[in-house]
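2 protein chains.
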Amino acid sequence: MPDRAVDRIRTGFLGPTGTWAEEALLACVKCGSGEKVALPSVYDVIAAVAAGDVDEGIVPMENAIEGSVSATLDVLAFEFDNVHIIREIVYPIRHRLIMRKSMEFGDVKRIISHPHAHAQCRKFLRESLPHAEVVAANSTADAVRMVSETDEAWAAIGSAVAAERYGCIAMDIDIEDYADNQTRFVLLSTSPAAQDQDGSYKTSIVCTIAHDQPGSLLQILQEFAHRYVNLTKIESRPSKKGLGDYVFFIDMEGRKDDPQVASALKCLECKLSRVKLLGSYPAG
Amino acid sequence: MPDRAVDRIRTGFLGPTGTWAEEALLACVKCGSGEKVALPSVYDVIAAVAAGDVDEGIVPMENAIEGSVSATLDVLAFEFDNVHIIREIVYPIRHRLIMRKSMEFGDVKRIISHPHAHAQCRKFLRESLPHAEVVAANSTADAVRMVSETDEAWAAIGSAVAAERYGCIAMDIDIEDYADNQTRFVLLSTSPAAQDQDGSYKTSIVCTIAHDQPGSLLQILQEFAHRYVNLTKIESRPSKKGLGDYVFFIDMEGRKDDPQVASALKCLECKLSRVKLLGSYPAG
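Chains V and B supply the protein sequences, listed in that same order. To get the working numbering, take the position in the first sequence, counting from 1, and add 295. To get the working numbering, take the position in the second sequence, counting from 1, and add 295.
No lab work stands behind these hints: they were computed from the structure. Warning: the hint list may mix true and false statements.
Stated by the list, open to error - Label pairs and their calculated CB-CB ranges: (1) 423/V <-> 554/B: 47 to 57 Å; (2) 565/V <-> 491/B: 36 to 46 Å; (3) 373/B <-> 346/V: 36 to 46 Å.
Stated by the list, open to error - Computed far set for chain B versus chain V, every beta-carbon distance over 10 Å: (4) 466; (5) 486; (6) 568.
Said to hold, decoys possible - Subject to a maximum C-alpha distance of 25 Å in a straight line, what follows is the list of computed PhoX-like cross-link-like pairs (lysine-lysine): (7) 528/V <-> 551/B; (8) 418/V <-> 571/B; (9) 418/V <-> 535/B; (10) 571/B <-> 528/V; (11) 536/V <-> 551/V; (12) 535/V <-> 418/B; (13) 528/B <-> 551/B; (14) 404/V <-> 418/V; (15) 571/V <-> 536/B; (16) 571/B <-> 404/V; (17) 571/V <-> 418/B; (18) 528/V <-> 566/B; (19) 561/B <-> 551/B.
A virtual CB, placed ideally from N, CA and C, is assigned to each residue, including glycine.
Input sequences plus hints: build the corresponding full structure.
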């Protein structure tokens with residue numbers, strides 16, 4: 296496989312400029328250094344990768360406080376079959392309360408952000424801004440942009456970088472409900488990741504289990520355990536076919552072609568109605 | 296244990312009047328027929344039960360499309376230790392687009408609802424109302440109330456009952472992304488459920504697994520499998536201690552004192568750093 300011409304790669308991210316996704320992308324020394332393309336939603340980023348409108352795309356998978364990003368998982372599992380995870384990027388998240396000009400918490404009428412950012416700051420909002428209207432923006436940066444363009448008593452939740460970029464003030468306190476907040480982003484492409492890069496890899500799959508097989512998850516885990524394949528994450532999501540019917544997202548250590556991983560995946564495919572490989576990629 | 300004086304029980308629900316939680320509560324023939332107390336958030340409902348301000352409370356646990364209600368799971372797992380699940384209530388959800396007066400989709404400037412309702416209608420919003428501002432309300436009914444009180448071109452996502460209650464128009468189409476939408480609610484109390492009622496029971500626990508024990512989930516599942524205890528749900532959530540560190544919510548068939556269930560729970564408590572019983576209650 297030829298080297299990627301990294302300076303010509305177009306990478307889609309949740310925009311506008313100033314989102315955590317863009318910060319994570321800029322901090323990733325192994326990501327493409329070409330054009331960054333701001334897109335309006337996680338769905339649009341994944342769809343643009345699938346359609347070839349961009350070469351790569353970065354989306355959030357999981358946050359240390361609020362958990363998985365269901366919009367990302369559902370689109371990867373159910374909507375596109377030609378998109379692969381090619382890299383994992385773990386980035387620290389320090390949310391700030393952002394205003395156009397300084398005001399008291401009690402005067403804030405509206406608090407704008409992405410719903411996942413609101414959820415990461417649930418306690419702060421409950422205790423410090425109980426009367427503010429909670430308004431969803433497409434991204435944290437879009438929230439900051441909205442605040443920068445109004446004279447209303449609005450505040451946003453976003454990054455210090457976004458505050459600076461839109462000429463706003465970031466309060467100097469972390470407002471997440473728990474310390475050590477991080478988000479795990481993934482880079483997507485229609486070309487699977489090369490399997491010959493240095494360092495450790497992860498492999499991600501999504502498994503569909505038939506409704507009337509309550510022991511299936513145990514069987515899945517046993518396939519990995521007796522081959523000493525370490526799982527780093529297991530997450531259930533609704534299959535959308537009714538309550539009690541789930542798909543399981545599983546991340547494991549190793550490359551898809553490692554003999555033990557390959558053997559486990561092959562046996563899973565025999566047992567289950569559907570096993571979809573989401574990617575085998577360098578770990579963050 | 297004496298019979299509950301069901302006509303004197305005060306039950307908290309996510310208000311105002313017209314929420315899905317209230318509808319589920321009114322449809323539950325075995326729930327208390329006393330006073331219904333509207334509260335402003337899921338957190339407030341659980342806190343009111345814990346503080347004894349109400350006798351019981353109803354909260355959403357899980358939706359067939361969007362999955363678990365993280366605000367409920369996190370509060371039950373991490374914030375109160377004296378609240379027990381005493382009953383499960385499964386209720387069909389048919390979201391409607393609700394307006395004060397009829398207008399074209401293209402004219403809707405703002406679409407208000409609870410974030411979980413927005414997420415259940417993600418495709419509909421993307422395709423039919425891409426330009427509307429998405430605004431979070433504390434509940435679907437509160438969204439309908441806000442629409443009923445304005446001349447602005449706002450619409451809400453909520454129930455047909457809420458539309459009628461607030462004098463609004465409900466469009467006659469289901470706007471969920473998938474059919475057969477249901478939400479599983481639970482009834483909470485500081486007194487555990489009596490274990491002698493007829494019918495099938497479920498038992499719910501939350502387990503904390505040490506970060507460096509990747510095989511722990513397998514061990515947990517084996518405790519249940521070799522005793523033939525059927526699990527109806529397994530859900531991971533962040534422990535809030537950092538990426539890769541999870542707690543597991545597990546629902547199983549049976550009563551906590553059934554010999555096989557009791558034996559499995561006892562062995563789990565020996566193995567894990569923490570096992571919290573959320574309740575053992577009649578299944579919905």
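Is the claim that residue 466/B lies outside the interface with chain V correct, judged by CB distances over 10 Å?
Given a closest Cβ separation of 21 Å, the condition holds.
Compare the distance between the alpha carbons of residue 528/V and residue 551/B with 25 Å, and conclude whether the hinted pair is satisfied.
28 Å, violated
10 Å Cβ clearance of residue 486/B from chain V:
27 Å, holds
Can you tell me whether the CB distance of residue 423/V to residue 554/B sits inside 47 to 57 Å?
49 Å, holds
Residue 561/B paired with residue 551/B [C-alpha distance capped at 25 Å]
Since the Cα atoms of residue 561/B and residue 551/B sit roughly 10 Å apart, the hinted pair holds (cutoff 25 Å).
Holds or violated: residue 571/V to residue 418/B, with C-alpha atoms at most 25 Å apart:
Given that 25 Å is the threshold and the Cα spacing comes to 22 Å, the pair holds.
Is residue 571/V close enough to residue 536/B, meaning Cα to Cα at most 25 Å?
30 Å, violated
Can you confirm whether the C-alpha distance between residue 528/B and residue 551/B stays at or below 25 Å?
The given pair, whose Cα atoms are some 16 Å apart, holds under the 25 Å limit.
Is the Cβ of residue 568/B farther than 10 Å from every Cβ of chain V?
18 Å, holds
Taking 25 Å as the top limit, are the C-alpha atoms of residue 528/V and residue 566/B close enough?
Within the cut-off at roughly 20 Å; holds.
Given the hint that residue 571/B pairs with residue 528/V, test it: the Cα-Cα distance must not exceed 25 Å.
21 Å, holds
Can you let me know if the beta-carbon spacing of residue 373/B and residue 346/V is within 36 to 46 Å?
The hint (36 to 46 Å, Cβ to Cβ) holds, given that residue 373/B and residue 346/V are roughly 42 Å apart.
When each numbered hint is compared with the structure, violations occur for hints 7, 11, 15 and 16.
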